[in-house]
Structures are given as structure tokens and as C-alpha cells.
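Asks: Residue-level listing of the chains:
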Amino acid sequence: MLREAESQMLSAYSLIMNKAKDVIKLIRSLVPSDRKIRIMNVCGSHEHTIAFSGMRSLMPENLEIIPGPGCPVCVCPESDIINAINLSNRDDVILVTYGDMLRVPTQKGSIRAEGKNFRMITSPFEALNIARSNPDKKIVFFSIGFETTTAPTAAILEMGVPENLFILSSHRLTPTIMEILVKDADIGIDGFIAPGHVSAIVGSNAWNVFSEKYGIPTVVAGFEAENLLLGISEILQQLKNGKVQTGNVYKGVVKPEGNVQAQRIMNKYFEVADVNWRGIGYIPGSGLELRGEYSARDARKAFQLEEVKEAKIPGCICGTIILGKAYPSACKLFKKVCTPKTPKGPCMVSMEGACNIWHKTG
Amino acid sequence: MKKIEIGHGSGGRLTRDLIEKVFLKHLNSAELKPLEDAAYINFKTQHTAMTTDSYVVRPLFFPGGNIGKLAVCGTVNDLIVSGAVPRYLSIGFILEEGFPLKYLEDIIKSIGEAAESAGIKVVTGDTKVVEKNKCDGVYINTTGIGELVKPLPLKNVSAGDVVIVTGTIGDHGTAIALARNEFDIKAPVVSDCASLNALLMPVLKKDGLKWMRDPTRGGVATVLVELSNSTGFGVEISEDKVPVREDVRFISDMLGYDPLYLANEGKAIIIASGESANKIIAILKKHPLGKDAAVIGNITSRFKGVRLKTKIGGERLLDMLEEDMLPRIC
Numbered sequence: 001m002l003r004e005a006e007s008q009m010l011s012a013y014s015l016i017m018n019k020a021k022d023v024i025k026l027i028r029s030l031v032p033s034d035r036k037i038r039i040m041n042v043c044g045s046h047e048h049t050i051a052f053s054g055m056r057s058l059m060p061e062n063l064e065i066i067p068g069p070g071c072p073v074c075v076c077p078e079s080d081i082i083n084a085i086n087l088s089n090r091d092d093v094i095l096v097t098y099g100d101m102l103r104v105p106t107q108k109g110s111i112r113a114e115g116k117n118f119r120m121i122t123s124p125f126e127a128l129n130i131a132r133s134n135p136d137k138k139i140v141f142f143s144i145g146f147e148t149t150t151a152p153t154a155a156i157l158e159m160g161v162p163e164n165l166f167i168l169s170s171h172r173l174t175p176t177i178m179e180i181l182v183k184d185a186d187i188g189i190d191g192f193i194a195p196g197h198v199s200a201i202v203g204s205n206a207w208n209v210f211s212e213k214y215g216i217p218t219v220v221a222g223f224e225a226e227n228l229l230l231g232i233s234e235i236l237q238q239l240k241n242g243k244v245q246t247g248n249v250y251k252g253v254v255k256p257e258g259n260v261q262a263q264r265i266m267n268k269y270f271e272v273a274d275v276n277w278r279g280i281g282y283i284p285g286s287g288l289e290l291r292g293e294y295s296a297r298d299a300r301k302a303f304q305l306e307e308v309k310e311a312k313i314p315g316c317i318c319g320t321i322i323l324g325k326a327y328p329s330a331c332k333l334f335k336k337v338c339t340p341k342t343p344k345g346p347c348m349v350s351m352e353g354a355c356n357i358w359h360k361t362g
Numbered sequence: 363m364k365k366i367e368i369g370h371g372s373g374g375r376l377t378r379d380l381i382e383k384v385f386l387k388h389l390n391s392a393e394l395k396p397l398e399d400a401a402y403i404n405f406k407t408q409h410t411a412m413t414t415d416s417y418v419v420r421p422l423f424f425p426g427g428n429i430g431k432l433a434v435c436g437t438v439n440d441l442i443v444s445g446a447v448p449r450y451l452s453i454g455f456i457l458e459e460g461f462p463l464k465y466l467e468d469i470i471k472s473i474g475e476a477a478e479s480a481g482i483k484v485v486t487g488d489t490k491v492v493e494k495n496k497c498d499g500v501y502i503n504t505t506g507i508g509e510l511v512k513p514l515p516l517k518n519v520s521a522g523d524v525v526i527v528t529g530t531i532g533d534h535g536t537a538i539a540l541a542r543n544e545f546d547i548k549a550p551v552v553s554d555c556a557s558l559n560a561l562l563m564p565v566l567k568k569d570g571l572k573w574m575r576d577p578t579r580g581g582v583a584t585v586l587v588e589l590s591n592s593t594g595f596g597v598e599i600s601e602d603k604v605p606v607r608e609d610v611r612f613i614s615d616m617l618g619y620d621p622l623y624l625a626n627e628g629k630a631i632i633i634a635s636g637e638s639a640n641k642i643i644a645i646l647k648k649h650p651l652g653k654d655a656a657v658i659g660n661i662t663s664r665f666k667g668v669r670l671k672t673k674i675g676g677e678r679l680l681d682m683l684e685e686d687m688l689p690r691i692c
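Each protein sequence line maps, in turn, to chains A and B.
Residue numbering for the first sequence follows our numbering, beginning at 1 and increasing consecutively.
Residue numbering for the second sequence follows our numbering, beginning at 363 and increasing consecutively.
The shape of chain B in the complex, shown without the other chains (with noise of 0.2 Å):
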């Protein structure tokens, strides 16, 4: 099988012929096919939206995606997130001498179909190697611009708002986990890593959306607990109301984590007015991935921090987590 030699990453010949016989393969947008310096971008709004994002993932391919859709998928998330359209994508890979070009090109084809989907452009890249066992097969960066629709600041969040989450959550920290093999359990868990765009525009229209985050590393309990530490809110969440698949509650207890706690990169933290939540949750639910689409809780000023209303109606604090629960996720 053919693989990365340090002479990939050089600039010459080889990085040349990398390029156009794999990138250019799956990357094809107009902007890029120069391959200048840089590229040439138009933007339709006055305003845009900047985000760059890192890659380690391990393993490199997981149910559900790879280390390429993820790259994109992540970075389309923070734009939408933060209330603007995706529109161009930077991409720098590091890669490992002797990495096989099969797997390469595999996730530059990922990379082409979910830009594509997502309706983003990869306009610019860059490639480099390292010599064997100085990274683990692949790291990417990407960049991401957006065109701003509408600022979706902190300031926004007020006591009486609602926290709506997209659908359930851990999936991918669980798919994660479990295609790491360490732990002798199968179950058909696969990643959410998705795209939101689709999902999320239409709720960017609508009156009464106040904030909005893709609850990544850390899960929904971090976001939520930055959001308590930078509005001075409290956050009441009722764990009945949280969806979690039944088998990532079953593997969560077994292993000792917390779905709370788990990263998901297929999902939004919403938070909205409560006269708007019925409206942005009936949204939601007709697209496929927000069909599990729910309230779980409120901002309230009684009180500051995030408090979970358990099943049995006792009370806990979410806290930041002190360990990492699970390293190098995303």
C-alpha cells in the first residue's frame, strides 16, 4: 500500500502530485483550483463570522465519521452556533510519515461530501508531515468563515429563558469509547457527528432565540456551567427531560461516565425565551436530526451554578469536570 513519505509534506513534486491526484479529487470548489497563495472570497453580508478548531481524534475512523467529517462538521457548528451561515473553509493537515494514502484519501473524500452538505467551500489548505511516531496518523485544523445573520451575545441570556437541547446526547463520546476497544462491550452506538446548518437556520429566523452552543468536549453540563459562571444565572435542568439513548445510559453507567459529561458533535444547546420554546421545538422536530428535540430546563436568578432535578426528585450540583473523562474526543 502506498503511503506518506516526509517528501509529501515538501513542496515540491511530491506535495504537488498529492494534491492534485487526492485533494483536488474531493476538493474541488472554485476558489481552491488555482492553489495561489491564498484564495479569493466574496461575502454577501456586512459582517462575518471567524472560527478555527483542531483535530486529534483518536481513532481516526469511528462509527459515524471520521477525523475528516468531524473536521468539517465541528467547524460548521461553532459558525451556525454563533449565528452565521457557513460559507469558506481552511484546512491544514499533519501527517505522519507512513501513514497509508488509502486512509488519506478516504478522509478527503469525507472531507469533499460533508463541505458539500453543509454547503461550505474548502478554498485553502495546507499539508505537512512529520516523521514517523512524531503524531498519530493524521492531525487537521480547520478555519472556518461565515456570513453573520444574526449576533447571538451572552448578554441575550435573561432569568424565564429556556434550554432546549437538539436531540440526545453523548452519542459520540460513547461511539468514542467504544471504538477504542479497551472495553470488551459491542453496541450499535454511533457517532452524531453532523452538520447543523440545516437544522439550525431556520431557528436562527425566529424571535425569542437568545443563545445558542454545540456542546463538544465536556458536554452539556460545561456549556451549561460556563453559561451559569459568565451570565451570573442559575441553570435548573430535570434529568427526565434530557434524551438519552437508552444504550448510552447503559454503557455510561457501566463505565463510569456521566452522558451529561459527554461530548456530542451532531448537537445545540438552545437557549430561548419561554414563550418561543414550543415554536423553535415544533422547528426542531421536522428535521431528522432534531426529531428528539427538548426542553430540559430554565435560567432562573434564584440562584447561581447549574442545579439537575434528578429522577426521583432529589437535587445535585453539575460542576466542571476536574478529569478528563475521555482524552483526545475530537
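Next comes chain A alone, as it looks inside the complex (with noise of 0.2 Å):
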């Protein structure tokens, strides 16, 4: 019995393998010789299997895949995080954030190092778990992320929550940031791998914008090495017949019009702001926050939070990286002084971050 699993198992992994391999191939055979093509994926866990896999050592040499704006960890503005240490000061309020945010360096220090009254949370529910359980605290929700995140912070909106619960939005929207850096002459993008959890929200329609007014192939992929290299062949097939389109490899998750109820609830709660990156700078229309009607629950309304002005890293290229216009590795700070454990830029502390998942694949 086990042996015929076992053998069963080799047969479908040697499968998987001469793919990977074909489509190996495939994308050596579609790369030209005379011009570099520069392919960008705008997500932390794609970044994760490409570096993870090895894939680079794979590409030819005039393909060039680049991380860009990945990370929402990595672009939420220090503003917000040393209103949120400070927040997290105050006797009467508990300050939840994910895991990640508690470590991001400001010049105020970490919410870690420098918060008094914080959990870590995994999900918007346990954010609604822990106000119902703590009657007496406001509960402030640091919520961040691109439109994966937020909808589920919607959801917990449209269940309804207790009057203690308040939510700093820092959430930002993926197709602003990337119709920003198609914009952008200096980085040259030749097409998009098109995020797959962000996707599954948006909708791969929503990236149409890009084939159709930039020119710019953009494949929607999913987090198995293999569909993102199917996802990069689709891309270079594309430049190669000129037959410019939004692709789609991960159909089984994301479909044209997306998670249609996901949007319905995000826009009942959020409207669409002009919102700082860190490192970056202020972006029309990139940013999401609670609308007005909503603003009793707005931790910034409601705790009248002000804007710090940002305080430049010496030596930190995260901006730089993050908008693709450099490599982890160009960085004079990279690997010797900013390290997973002693990070001076936000790059190096998530898990999403460029510089944190090239640090730990060499």
C-alpha cells in the first residue's frame, strides 16, 4: 500500500519537475538577446518563492525579475507607528496590530520596544475578541495592508463592533502604487506578475488598466514556483507576439470581476485618500480610510492623532528598493549593520520585506 502511494507521489512530483523544467525552457527560448526585460512582482510571498526557489539562478541574463512595493509592513508610514507607540502608552487603550508591525524601527523606536499595552493579533476577529472581552479599554485596531487585509477588516465593520473598538487604517491600494511606477521612466517595467491574494479580492480584471493604456502585460499568479514561471512565460509570450492582455495562471483562486461582496463592504467602510509611503512620499488616491459617516470608530478622529513628520534613515535605501529602483544588495547597510535582528529599515523586518527574504537566501 505505502508503496504504491509512494510511487504514486514520484510520479506526480517528476511531473511537477519536468514542468518546472519545460517551462524553464520555454522562458530561456522567449528572452532576446539583444534587449533586457525587466519583469516586476509587487508581492512579498511571490518575492518569498522566487528567492526561496532559487528561481533567479534559473533566468537568463537579460531577464531581470525585481521586487517591488511588496510589503505593506514596509510602506506604512512612521507616522502611524509612533501613534500607535503612543497610543499603546495610554492606561485606558490596548493597541493589536499583526506580528510584524510590533518590530518596524522608528525614530521613536518599535511599538516592541517602546509600546506598553499591545497584543499581536492574526486576524481582524481576534481584535473584535479581545474588545468584547475588555469592556473597560479602547481598543485600537492598527490595521494595515493591501486589499487582502482590509477586507477582512471591513468584514469585522459589517458584523458590527462594540463601541470600544477603534481602527487605525493604514491600508493601501496595489494598483495605485503600480499605475505609479509604470509612470516612473527610471524603472522600465516590461510587465507585472499580478499579486494572487490580492487578486482573489480585485479581481484580475483590475489590472486591464495596464494592457490596455501602458501596454504593459500583467499575469496574475499564484505562490507555487512553478504557476509564477508559468505566470513569467505567459508575460514574455505576450512581448514576444505583441499581443498585449491581462493573463491569468492562478484561475482556480481569482476570477475576472474578483470577490465582488469583498468590494461591496470595503467601499461601504473606506473611501479612497491621498495617503504617505514611507520612503516614498504622499500618493493621490493610494491610501484607504474609514469614511466619514464611520468616523466614530476612526482611532485617528476619535484619539485626534497628528502627523509626525518622517524622520530620514541614514543610509536606508528601503524607498528605493521598494519602487523596484534598486536591489536589497545595493544597500550599504544590507546584511552588516541591518540584519533581521537589528533592522534599521522597514525592508528587513517582514517577512514581506525584499530585504529581510534576500538576507535569508544569501
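I should point out that these hints are in silico values taken from the structure, not numbers from a laboratory.
All clues given are correct.
No more than 30 Å apart at the CA atoms, straight line, and that leaves these computed lysine-lysine pairs for BS3-like:
1) Lys108/A to Lys332/A
2) Lys335/A to Lys666/B
3) Lys673/B to Lys36/A
Please dock the two separately framed chains into a single complex, following the hints provided.
Replies: Take a look at the structure:
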């Protein structure tokens, strides 16, 4: 029995192996010899797979796979983190947020080092539970992330949250920042690998703007190395035959229209705002804040939070790395004074940050 | 429920009570029973091996074991991978005031069972109690002495040798991560906490065995990086050959862990000559703890460091981890 199961697994496995090998061969044949092709991924989990699978070591010389703004922790404004630290130092507040946020350095230190009342959560539903079981405290949920984490935050609002729960929204919009990157000639993007999880929410149609307006192939991919390779090969096919459109090699999960229900509640509770990206600056229409009618739940308003001026981190080039203008290895601090244990910049903190990933994979 | 009091560590009546009613109930070697200041022990071999380790695991009880079992298995494994048959064990406890006596007894019972099944005798011990909140329930130190069968120095290792792992990796680290209940994940992952002497004794007698190590904190990757640093040889590992439970792989992906860096408490890495590899694998597979044993790579003089050949045929470097993925894992 066991032997049979084992051999079945082995044959399934060799099929995947062959497929990966075949796709790599295809990729090699599609990359032109006379110019560089630059494909950007905009998702920390994609960069994770690319780095951990050693994918770059298999790519032809003229193909660059660039990590872009795929890490929401990395772009979260310093001002919001400092406000979160200050809130957690109030005796009447418990600050709750995702684990990585606790360690992001600021001019005032990190939440973990300088905060007092804070808890790590893995889902907004935990924030809801903490609020319900601590009715005498004000629970501030420092809610960050791209569309993937906005949807569950909207979901708890839709479920109905108690009066003592407040949202500090630092949500960011993926398509908006990608459009900024496209317009930046310094980066020179030939194709996008669109993020699988974000696409599950916004739908593959959300990327049509890139093929239609800018002629840039954009292909939604999942998180297995084989699937990413397939996505890369499709971008190269489109570039070669000149028929540019939104592609999707993650069809089991991502629909053209996305998750309509999630979009509806996100739209109900959040509105588009001009927001700051750490190390990059203000980008019009690139973030989400709670709508005016829900301002009673908005921590910015309830606690009258003020913006703190961002301090430059000496030597840190996180902003440039996020924009795809430099690799982590180009930073003077990388692996020397900036390590996952002693992060100087935000990209070294999160496991979705390019510097953190590159540090782990040599 | 009865609890540990400061007096239990005083050396007076309460200490005596604790020793007689709890400790001796489960630990009863002839060497321990006289309760003298030192135990008298004998050896059959001229050379012995000695090792010590402290245990601060959190939580104290986890699927597949507890701090007591861990404290025995960890030290037994350090001896057997050094080529010594584990014989005698000392145990030191640091207890927190207010710690429930019942839990302590559960821990001592596990120690007794683990020692018996590993064939090691607990011959001496010590108990101290610190005030409430000055430690986290129980800390344990064990020192083990074994009879040296075959020294396995690093200089044995040479290019062309193979790297064997005795089973699935990352089980203990994953079990501990889940037992902390910090993540809303339920999965039937059990720590691999086990004494390896029964598995490894037959291997110890084999020609071609070069070196062994139990990949605890820091996991398989850290052991191999240290091996490379100390010998100057390179290590090549194939990702598709490394045995990892499906659920461990899935949870690691979710939590951002790499199974290669997760702790194991019942696995060994064996470096052996290429010719002996098949025989050693066959011996390992005869024992339940070795059923997933596999050759995962080889030692080379072509480069230094540790390189992982990924499933898609790519390559990446394995280095020491900067950050502790899971503090207090053992």
C-alpha cells in the first residue's frame, strides 16, 4: 500500500519537475538576446517564492525579476507607527496589530520596544474578541495592508463592532502604486506579475489598465514556483507576439470580477485617500481611510492623532528598493548593520520585505 | 491543589518530603536511592563522554512530550550522536513557588519513563525553588555520562561523504509553535521528542559512519552550516529529498518558517561514506524512528558553505539564521 502511494507521489512529483524544467526552457527561448526584459512582482509572498526557489539562478541573463512594493509593513508611514506607540502607552488603550508591525523601527523605536499595552493578532476577528472581552478598555486595531487585509477588517465592521473598538487604518491600494511605477521611466517595467491574493479580492480585471493604457502585460500568478514560472512565461509570450492583455495562471482562485461581496463592504466602510508611503512620500488616491459616517470608529479622529514628520534613516534605501530602483544588495547597510535581528529599515523587518527575504536566501 | 513552596527548596523537611514522595516514586535507581551527596557509578569502558544541557521550553507540556521527557531525550541524544552509550544522568530542577505539585509529578513521571526506555539511570539530582514570577514554572538541567563506543571527530568528514537525516524535519518546532496558541491553527503535529540510542546504536557499529549530530535549535540547516564552517567542505542538499511532513510544510509556509531551520528533538544528521549509505539507510529504516530516513545531500570540496538545490532546479545558500524563529524551543 505504502509503496504504491509513494510511487504515485513520486510520479506526480516528477511531472511537476518536468513541467518546471519545460517552462524554464520556454522562458529561456522567449527572452531576446539584444535587450533586457524587466518583470516586476508586487507581492512579498511572490518574492519569497522566487528567492527561496532560487528562481533567479535559472533565469537567462537578459531577464530581470524585480521585487516591487509587495510589503505593506515596509510602506506603512512612520507617523502611524509612532502614533500607535503613543496610543499603546495610554493606560486606557490596548493596541492590537499584526506581528511584523511590532518590530518596525522608527525614530521613536518600535512598538515592541517603546509601547506598553499591545497585543499581536493574526486576524481582525481576534481584535473583535479582545474588544469584547475588555469592555473597560479602548481597543485600537492598527489595521495595515493591501486589499487582502482590508477585506477582513471591513468584514468585522460589517458584523458590527463594539463601541470600544477603533480602527487606525493604514491600508494601501496595489493598482495605484503600480500605476505610479509604470509612469516612472527610471524603472522601465516590461511586465507585471500581479499578486495572487490581492487579485482574489480585486479581480484580474483590475489590472486591465496596464495592458490597455500602457501596453504592459500583467499576469496573475499563484505562489508555487511552477505557477510563477508559468506567469513569467506568459508575460514573455505576450511581449514576443505583441498581443498584450491581462493574463491569469491562478484561475482556480482568481476570477475576472474578483470577490464582489468583499469589494462591496470595503467600499461601504472605506474611502480612497491621499496617503503617505514610507520612504516614498504622498501618493494621491493610494490609500484607504474610514468613511466619514464611521468616524466614531476612526482612531485618527477619536484620539485626534497628528502627523509626525518622517525622519530619514541614514544610509537606508528602503524607499528606492520598494520602487524597484535598486536591489537590497545595493544598500550599504544590508547584511552589515541592517539584519533581521537589528533592522534599520522597514524592509528588513517583515518576512514579506525584500531585504528580509534576500538576507535569508543569501 | 498542592503547590510548590519556597520551603521545598530549603534542604529541610519539605525537600525531603518532595524527594521521597514524588521524585523517588518515579526515579528509583540503586545509585540514587542512598540520597548521598554524590552517586557512585561504574563504567565498562576506559573512555567516557559527558554532556550537559538546560531546558526552558515554553509551554512545559506540548503534544508529544513535556519538559521532563525533553530533558532526558536531549541529553541521551547528545551522547549517542557523539558515539557514546548513555549510562548515567543527573537532573537539576529550578522550580517556581506556586507551581502545582501535580504538574511536577507528571514531569518527573515522564523523566522516569524516558530514562527507563533509553536505558539511562538517573543517579543524582538537585532541587531549588525561586519566588513566584522569578522563573516560568520549571527549568531543568541534565548532565549525562556515556560509555564511549566510537569517537566521531569532525576530521572524519571528507568530500564524497553523504548527508543522511533519520526522519521528517521540523516536527518539534512546529508542535511548539502551535502549542503556544498564538496562532488560530489546529493541526495534528506532534513533537518528535524521542531518545535515539536504540535507532543509532546499530549505526554506530557500521563502517563508513563518520559523524553525527542531533539538529535541535537552529535545525538541519544550522548544523550543516556549522559543519561546513568547521571542516572547510561544502554541503549540497536537495530540497526534494529532505523529508518534511505535509502539515509541517503547510504551517511553515503560513507562518513564514523554513523547516530546515526548525528544531527537532528526535532526529539525527549522519555523515557517512558514499559506499556505506545504502546499508545505513537500511538499518535506520528497520526502526520505527527511522522509517523516513533519507540521503539528502553530500559533502563536496568544490565550494564552501551550504547550497540547497531547490525543487525547480534553482540554487540558494543556506546560512546561519540571524533571528531566533522560536525562542525557548527546548
